[in-house]
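S.K.: Here is what each chain is made of, one letter per residue.
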Amino acid sequence: MSYIKPKFRHPNLPTNALGFTVADYDGAISTLCAGCGHDSISAAIQNACFLSAIPPHRIAKLSGIGCSSKMPTYFLGKSHGFNSVHGRMPSVATGASLANRELTYIGVSGDGDTASIGMGQFVHLIRRNVNMAYIVANNGCYGLTKGQDSATADLGSVSKYGSTNPFDGIDLASLALLQGAGFVGRSFSGDKEQLEPLIRAAMAHKGFAFIDVVSPCVTFNNHLGSTKSYTETREHLDSMPLDFVPMREEISTHYDAGTTQGVTLHDGSVIHLHKASSDYQTDDRNAAMISVQNAKDEGRILTGLLYLDPNSQNLDQNLKLATKPLNEMGKDELCPGSRVLNSINEGLR
Amino acid sequence: MSYIKPKFRHPNLPTNALGFTVADYDGAISTLCAGCGHDSISAAIQNACFLSAIPPHRIAKLSGIGCSSKMPTYFLGKSHGFNSVHGRMPSVATGASLANRELTYIGVSGDGDTASIGMGQFVHLIRRNVNMAYIVANNGCYGLTKGQDSATADLGSVSKYGSTNPFDGIDLASLALLQGAGFVGRSFSGDKEQLEPLIRAAMAHKGFAFIDVVSPCVTFNNHLGSTKSYTETREHLDSMPLDFVPMREEISTHYDAGTTQGVTLHDGSVIHLHKASSDYQTDDRNAAMISVQNAKDEGRILTGLLYLDPNSQNLDQNLKLATKPLNEMGKDELCPGSRVLNSINEGLR
Amino acid sequence: MKQIKGINDFMVKFANVNGTGSASANHLFAKAIFRMGIPVSPRNIFPSNIQGLPTWYEVRVSSKGYLGRRGGVDMMVCVNPQSMEKDVASVAPGGYFLFDNTKPLAQNLKRDDITYFGVPLTEMCMREYDNPRLQQLLKNVVYVGAMAALLDIKFSILKDLLSDQFKGKEKLISSNVHALEMGYQYATETFNCPLPIKLQIGGNVAPHILESEHILMNGNTAAALGAIYGGATVAAWYPITPSTSVVDAFAKYAERMRIDPGSGKKNFAIVQAEDELAAMGMVVGAGWNGARAFTATSGPGLSLMSEFLGLAYFAEVPVVLIDVQRSGPSTGMPTRSQQSDILAAAYASHGDTKQVLLFPATPRECFDMTVQAFDLAEQLQTPVIMMSDLDLGMNDWMSPPLEWDDNYQMDRGKVLDADGLDSAEKWGRYLDVDGDGICYRTLPGAHPEKGAYFTRGSSKNEMAVYSESGDDYVQNVDRLLRKFETAKDYVPAPKTHPPIEVKKTKTKLKLAALFFGTSASPAYEAVEILADRGYPINTMRIRAFPFHENLDRFIDDHDLVFVIEQNRDGQMRQLIMNECQIAPVKLTSVLNYSGTPITARAIVRQILESLDTKSADIVSLHPETA
Amino acid sequence: MKQIKGINDFMVKFANVNGTGSASANHLFAKAIFRMGIPVSPRNIFPSNIQGLPTWYEVRVSSKGYLGRRGGVDMMVCVNPQSMEKDVASVAPGGYFLFDNTKPLAQNLKRDDITYFGVPLTEMCMREYDNPRLQQLLKNVVYVGAMAALLDIKFSILKDLLSDQFKGKEKLISSNVHALEMGYQYATETFNCPLPIKLQIGGNVAPHILESEHILMNGNTAAALGAIYGGATVAAWYPITPSTSVVDAFAKYAERMRIDPGSGKKNFAIVQAEDELAAMGMVVGAGWNGARAFTATSGPGLSLMSEFLGLAYFAEVPVVLIDVQRSGPSTGMPTRSQQSDILAAAYASHGDTKQVLLFPATPRECFDMTVQAFDLAEQLQTPVIMMSDLDLGMNDWMSPPLEWDDNYQMDRGKVLDADGLDSAEKWGRYLDVDGDGICYRTLPGAHPEKGAYFTRGSSKNEMAVYSESGDDYVQNVDRLLRKFETAKDYVPAPKTHPPIEVKKTKTKLKLAALFFGTSASPAYEAVEILADRGYPINTMRIRAFPFHENLDRFIDDHDLVFVIEQNRDGQMRQLIMNECQIAPVKLTSVLNYSGTPITARAIVRQILESLDTKSADIVSLHPETA
Ligand SMILES: Cc1ncc(C[n+]2csc(CCOP(=O)(O)OP(=O)(O)O)c2C)c(N)n1
Ligand SMILES: Cc1ncc(C[n+]2csc(CCOP(=O)(O)OP(=O)(O)O)c2C)c(N)n1
Ligand code: SF4
Ligand code: SF4
Ligand SMILES: [Mg+2]
Ligand SMILES: [Mg+2]
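Protein chains in written order, with the numbering used here: chain Z, 1 to 349; chain E, 1 to 349; chain H, 1 to 626; chain B, 1 to 626.
Everything labelled a hint here was simulated from the structure, so no lab data went into it.
Built from N, CA and C at the ideal position, the CB exists for glycine as well.
There's no promise every hint is true.
[Unchecked claim] Now the stretches of chain B that chain E is said to cover, found in silico as 3 or more residues with beta-carbon under 8 angstroms: (1) 17 to 24; (2) 51 to 57; (3) 234 to 242.
[What the hints assert, rightly or not] Far from chain Z, some chain E residues (derived; all Cβ distances over 10 angstroms): (4) 26; (5) 268; (6) 272; (7) 349.
If we strip away everything but chain Z, and leave its shape as in the complex, we get (with noise of 0.2 angstroms):
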């Protein structure tokens, strides 16, 4: 949330390959909350894209419902977006991918977006091996309906209105590593170092790539780790009226390859992160699936490239497709004409 955004740019920004500078890569202004992890994420976007030098209107941004899902607003403006329904981005993305092999598509979503409603099409997205970049802006509940627990919620989380989630979450990460996605990360909202380059990496891959970002919903729910120390804080925001939503800073963090990071977040639990060390292997799935189960027994989320097969064979190569976009085919590609159509009408008799 920044309705008041400087106009002034600096004239000696510095430009990537294309001559954009970053704010060429900009978006409309955030109606997010402040401090609202989503907003980094889509920073980070940003300047992914700025950094691999993908000219921004060859960009496609598609997204669900969800404060999640308003994310592309607020970045690329110079790229087409849609914001669909809500947990059916999927079906939009594939369609969309299949009319135009050549753009980079970019879907966001939220966990109430992915793994509710948008569970089935999202495991089928997988299974397609759509080429994109799908990023999960994970919060654990539902932030633009006001708090309720997503499926991604730990078991025994505790939210805002103070019902305690009997069901487990959903590792979105294990799914889709089980589901034979190519791709697999995981992120923190407020780590740009590791988030900016995985999604470059996302983008760069020929395939469906999936990064789950953990992004604390300042408002209605911090508790994404397994281990969670409730302070005062919490007892304190108990007494706001509902409809107050304090001004916050959004977290960053930064911490190394191999080492576990607590971050404490607005209402004082502290999740725990833990960086895969740079000796991690990233191409045995089934050795990523464990590490991933290892590290939430310990209460950690493991975060890292966790998975890349750089050779799945892509939807566009299943399906055989032409190299041509189906949408700059003319009637001489697509129209067989009156000749062929006479000798059906003969096969017809």
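Starting from the known structure of chain Z, fit chains E, H and B with the ligands onto it as the hints suggest.
M.R.: Here is chains E, H and B with the ligands on its own, set in the frame of chain Z:
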């Protein structure tokens, strides 16, 4: 398929603890194709209920839409049944089980019904740990709509229409394991000795119990296994009119724990079933996932009880549901009365 | 400058930023007026985000008890710089404008024809509180204090309300009261209080209101209470504005009133489903299995429930759905109100379907109709959809108190238990024994030998056996029509008001107005205005679909009937034409679909315009009725 | 016994067990008649399972070229013991009954008033073939041979057809021909061939048919070809009867005609989605991104697509949906035909929506309209739904040949490419520059600096910026109405036929009939019958929604208009009332919703009945029009 079913019943049929004969667990006459694996599963369910001496009227049968979802009509004629809509039986079963926690719920579905259109509901059914036995009659295709590949069809399998499936099959047992199911089994429709006890155990389990049953569609697709050997049977078939479905015998098999059995399907393809050995540990979820995966990599389908957590907390427990079935509660339990309402009015002035 | 005057009759609008706690403070303001016994109707106009965007809160005060939106702003309280330009512009000439003058007002925001009240809200709070959170929050309370002085709100009532709200948190009470006093004092000292618009207990308030025992509550809470009292045990839902608070409130009351005293266990189950398809599926499953079950949703959810609604219609499963309508189509304006799901609900799903709808107009009716919905669903063995909307569901309405008859018995409809099955001569699930289209159902587990059947969404014969026979199909769907006919006598009948006497009428036409739900309040108000101007208009408020036969007769009795509703396409008018076979020329639409509730002013304007243009046509088209 | 007579005018019905290959054999029978130049209309009436249940195949032969279902059975070929009792009963007195007399006919199946032909099919095949598969299969071919003798089918044509069918599989050809001959010979030797009902080339066949170049094809194949010719590149779907064969056929033709000759790669993409929501989502995504995309579905799928259809309407994304209707509601009778998704499609989704519908009546029109659907969707930037049905989609129809104008250019509607954007003065995605409600869209990737915008299902202003302003909302949805108005001139206009002259009319009323899709053939037939009986009825065939203004005029010009359709609730009649503001009393429903197609007989009966009861009322209600 056998629309002429003998009416005569032996007077000395064995009875179970309730004094019922197996005929008391009969359903209507099947309208499936002759030799369809689904009919064997129906028989196994019928027998399992008989052997476990469950009063037929205390069972509720639920299904979606498909050949497989028709099965409940063909067993337990004294039970209520609900043939709901395609892919959404999990939600119907969830609601039904909440309404009356005392019945035994059997859900029957197909791979299309569960792994395609039903994927989202299936995952969330597992997550909620609804107290029911959920059986998927898995034939790798859409029988009722004439043989399209389903999402469990193997990569590279060839449908009756000659198209080759370019997608990896979804392994429902692995998915159930990942999502935390407390009971996961796999079997083959023709393996009565394995299937019946599995079904009995699933019904006895006080939570969500999943059984993936390989059940060949004799008419459209038999290619579930990873290893296939096509014979000329297949070529022969190709010249038959599409509306011709030859009469066939159900396939049955018998093999020992710890061994692998090749089963030849009607089109001549072979699947390799591997029965978990007697020292298989059913209490390690991660190990189970690895075993299933390893078998798959070797071209085999691991069968048996793959995982069991007898103490998983089911939905009734998680919701702290009253012991008395909700559908039996009356005004006294439910309606707070005028005095309470007046005090609510008071609070609104 | 001529200032707007008015005792107990004016419109105050608050312009805030959302997420700042302003809605709570504004509610305090409205509630205090309500406690003074003066009719008030607050409306929260909020954006579809959580923090940082403009939000408004309208409070209408009306001595006559008009609760519909009025339109126009007599006094604006503006603490949002983002929207201030528009806000200033929207004040009626002669009106008043209160703002935070910690920073001076920009030159372009100054008008000659309104009165400004600058209160240094930020400055005061910065000075008084060091906790930034309280600085933010209490600004709102300070302006409420100032408004109390300006409008003559009874101060003790405000204090009482704060004590109620923060019961047990003494520190919060005192800081809030302090803020209130600061504002009050500042205004008293700085301005000429009270203003020509002001409040007065008793005063000109309509006597029937003074005597009433009204409560102030929103429709969603009332519906939730209806579900509690109606014996709902299973609620399955998926969050969506503006229906979310129905299940929130249900959960709150159930946790209080539905805990088994012995075991501490729950006599209810609430499941947050993974989406609306699943929510409706769960309700269908529970309803099939004999529990009273419901879900609540809004537009997009209704679309997603379409397939299941068709199943429940055809398989004849009791289902209660509370549709709190918002602006469509698609995501539309998710935090704005409309009545635009009528056709989507009435004919939900493919094939020939007709669904039972209820149209509550007040929180009291939300309560009553929700209770009745459960009876109807089981009596008729079909979905019953209560069509509320954001305006009714989420705003507080002055309403007669909820009433409960302790002799109420749930009507579970035609369900045969074991005894019933044993004594039934011949039972078939779809045998129309009574000729009313409603058959006898059974519940799973009821009887060891009898009554089991297969429920399905496909065609069947009277004995519930799957059938593809055209005859079986036709007799079944014809019976469903018969059942729908029967439903006409079960659902709430429409309401008419005694006609208003008009001395000198300006029209020869017999005029009438039809309306429903939140269009009712402004419609009644409009009809009174029009009566004053010489146009007698009879009214009928529709409360349910299928329509009662009174509706046909009522339309027959008039030459021209206005159908007042809040959607673009005149959906209720279409439904009436379809179902009652009414000549379109007789029904004229009066519409508002801007997302904010329809006003009496808009209705009056449209009716007068249409009378100007229409009366000629109508006379010539139907000479016999002139 | 008086035997039924008729040259080129009779109804043969085959009663089989499904999964036995009978449909192929029966098709052979029908196709042979077609090749003789005699109008024929075959209908497959099949159960919703794969093997072992009764299935029927009706073949109507009509010298005048009536293609609608006729009703009544002149000759029954029954090889299914399960249904034999009913089948015997359904033969008209004086009719014929052919059966397998390997086992003798049960006593109770014997009637005095029909002629029996026993052919020992099983016995003959057991004797001739040792492969059990062939024994089964060729039984069907044997009875076709017998029928050829009985009805005088040209034998060489049958042989040609078999050679075509099994091209390259000589063994199969010869065994089939052998079976054919066996049956032919048996009949010739045993019965008095040909029967009083029989075929005759030329003969009494209507001259315009004799001269025509008709083809025999089903609507789904035609629609698939339409998608190929219309330039569809993305097809996403989910299997459901009876729409499955649309995409099957599309795949077949695309594999043949859409392979890039250089690379061998595909100029199309077909995705079997995980369900209908996803199928429609993919089409929306592809349409948004500038590909011509479509899906095909039936009732339950339409319900599931509802939310996405609302999105596409409101976000203005071109989408083509082919709805092959079946009997609803819910799963209904999945293998039976109806026209009952009209309202569900026209007003698909919550909120105020109106969708463009097309109503093809012949395979030729399925082809043409599918092509046009892609143009319309892009011109109007909205979903276009082609409303076919099982009868049209899955049965073979005699149809004028498909025609193609090689000058056809795809009309991509108002799309600005880079040049267009550069030369546009001011561009806003939702700016109604031309006043027709249709704005200029852009495609992702088109221009480095201009034309990017955000597509959404929520409210926005003309510049595509998210907006919750009531004014922006209203101007946007009003523009959508304007666009719908524009659409009236884009969609196919209704068709009228020259009135039939009637010598001595029995009514003073000006009568008319409205119909569409598969109701058209029987309706035309009925109108001719009624003209014969003294009732002149003008006709108009509706081909699209929104309705052309001709429709209003046509209705205005008549006193009483019959609306002929195949659903319970008279959905098209409702749509007409809603949209054209027609007095209900003017429109009388003529309905059939049993799942089997409506017949001319049923139409005639209902119209005559209604004229008996109605004419009095109508005259008194509208004296001025009498
Ligand atoms: C069909 C439908 N159901 C419900 C909603 C209401 N809704 C909007 S956003 C949302 C949840 C968003 O959660 P998530 O995806 O986690 O996003 P977040 O706001 O947490 O970033 C819901 C339920 C909707 N828009 N559409
Ligand atoms: C909403 C909806 N879409 C499609 C269909 C059509 N349909 C019926 S069964 C079926 C697939 C069944 O496959 P599966 O569940 O594997 O069952 P099987 O027939 O193979 O046993 C489909 C797509 C339907 N009934 N409803
Ligand atoms: S509610 Fe939560 S997720 Fe939504 S914008 Fe605010 S902080 Fe972010
Ligand atoms: S089509 Fe396949 S799945 Fe269906 S009944 Fe026949 S064999 Fe079984
Ligand atoms: Mg979230
Ligand atoms: Mg299957």
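S.K.: Decide, hint by hint, whether the structure agrees.
M.R.: Right, here's what the structure says about each hint:
Counting residues of the stretch 17 to 24 of chain B whose beta-carbon sits less than 8 angstroms from any beta-carbon of chain E gives 7, enough to reach three: the coverage restraint holds. For the stretch 51 to 57 of chain B, the stated coverage by chain E holds: 3 residues have a C-beta nearer than 8 angstroms to a C-beta of that chain, and at least 3 were required. Counting residues of the stretch 234 to 242 of chain B whose beta carbon lies closer than 8 angstroms to any beta carbon of chain E gives 4, which reaches the threshold of three, so the coverage claim holds. No beta-carbon of chain Z is positioned within 10 angstroms of the beta-carbon of residue 26/E; the least distance is around 36 angstroms.
Here residue 268/E stays apart from chain Z, with its beta-carbon at least about 27 angstroms from theirs, past the 10 angstroms limit. Every beta carbon of chain Z lies more than 10 angstroms from that of residue 272/E, the smallest distance being close to 21 angstroms; the non-interface claim holds. Non-interface status of residue 349/E relative to chain Z is upheld: no Cβ of that chain comes within 10 angstroms, the nearest being about 21 angstroms off.
When the structure is compared with the earlier hints, no violation turns up for any of them.
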